[in-house]
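Novice: Residue-level listing of the chains:
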Amino acid sequence: MFERFTPEARQVVEGAQQEARDLQHDRIGTEHLLLALLTRQGTTAASVLGRHGLTRSAVVTEVARSTGTELDASALTSIGIDLDAVRTSVESTFGPGALDGRRGRAGHIPFTPRAKKVLELSLREAIALKSRSITDGHLLLALIREGEGLAAKVLHDRGVDLPALRDEVRLALNS
Amino acid sequence: MADTAQVASAASSKDPAVGLAAVRSLRVLVERLEELQVGNAREQGWTWEQIAERLGVSRQAVHKKHARGRGPLRRRD
Numbered sequence: 001m002f003e004r005f006t007p008e009a010r011q012v013v014e015g016a017q018q019e020a021r022d023l024q025h026d027r028i029g030t031e032h033l034l035l036a037l038l039t040r041q042g043t044t045a046a047s048v049l050g051r052h053g054l055t056r057s058a059v060v061t062e063v064a065r066s067t068g069t070e071l072d073a074s075a076l077t078s079i080g081i082d083l084d085a086v087r088t089s090v091e092s093t094f095g096p097g098a099l100d101g102r103r104g105r106a107g108h109i110p111f112t113p114r115a116k117k118v119l120e121l122s123l124r125e126a127i128a129l130k131s132r133s134i135t136d137g138h139l140l141l142a143l144i145r146e147g148e149g150l151a152a153k154v155l156h157d158r159g160v161d162l163p164a165l166r167d168e169v170r171l172a173l174n175s
Numbered sequence: 001m002a003d004t005a006q007v008a009s010a011a012s013s014k015d016p017a018v019g020l021a022a023v024r025s026l027r028v029l030v031e032r033l034e035e036l037q038v039g040n041a042r043e044q045g046w047t048w049e050q051i052a053e054r055l056g057v058s059r060q061a062v063h064k065k066h067a068r069g070r071g072p073l074r075r076r077d
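Respectively, the protein sequence lines represent chains V and A. The opening position of the first sequence corresponds to residue 1 in the numbering used here, with each subsequent residue numbered one higher. The opening position of the second sequence corresponds to residue 1 in the numbering used here, with each subsequent residue numbered one higher.
Please keep in mind that the hints were generated in silico from the structure rather than gathered at the bench. A few of these clues could be false.
[As the list claims (entries may be wrong)] Sample of chain A residues facing chain V (criterion: CB under 8 angstroms; computed from the structure):
(1) Val18
(2) Ala22
(3) Ser25
(4) Leu26
(5) Val28
(6) Leu29
(7) Leu55
(8) Gly56
(9) Arg59
Bear in mind that the values here come from a model prediction, so they are computed numbers and not experimental data. Don't be surprised by glycine CBs; every beta carbon is placed ideally from N, CA and C.
Bound conformation, chain V alone (with noise of 0.2 angstroms):
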């Protein structure tokens, strides 16, 4: 599936790994791809966005509302769990940071159905249009189908008029 993806959409795929890898999460979202779909300047994937006055700081500050903090010890305490006991003893069995996802946070981050499908819709939305490769558009038009996932929820609170950023998207793809 990837070899229809032009350089700029593989590239955003790339990104995302990326993204989720810098805050530190272990699955790779939709979220992730909307960030790394803003992030490539000039694609029409980014203007299309920046002209519905999505920026990527908006995105990122969503998503650490809607993600927050993981591992919470003081709610744990709440409930008479120890955090700081708990990591002592993992630590001392499988290494230092294997509790906080620090262990392989290196290596490949795998994606979340959710996003697994946005990527699988990528290549309708490009047999719809009728183009022979899956450019950061199609990706972009496939996080708006999917529907579902935080990168949608973004676009929603954000007050994007979704049905308006498709139209564009498919005329940006087709002229």
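Assemble the complex: chain V is given as a structure, and chain A must be docked to it using the hints.
Specialist: Same frame as chain V, but now just chain A:
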């Protein structure tokens, strides 16, 4: 003693924000521990079947969640 009393009162807190935050963090903690333990079991040669049985879930469920190295763009770590 003060700490114990504090914990006890928080544990019985009626404030949903406190209770839900605890549930959320506990879920993250469970996921982290499961990942470590499943990885360890695999390294020690346990089958998905054996792991699933101990976790009390189906073999398919545990395999789908933890198996790596298949599908597009997947690399072995």
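Novice: To test your reading of the hints: which numbers does this structure violate?
Specialist: 7, 8 and 9
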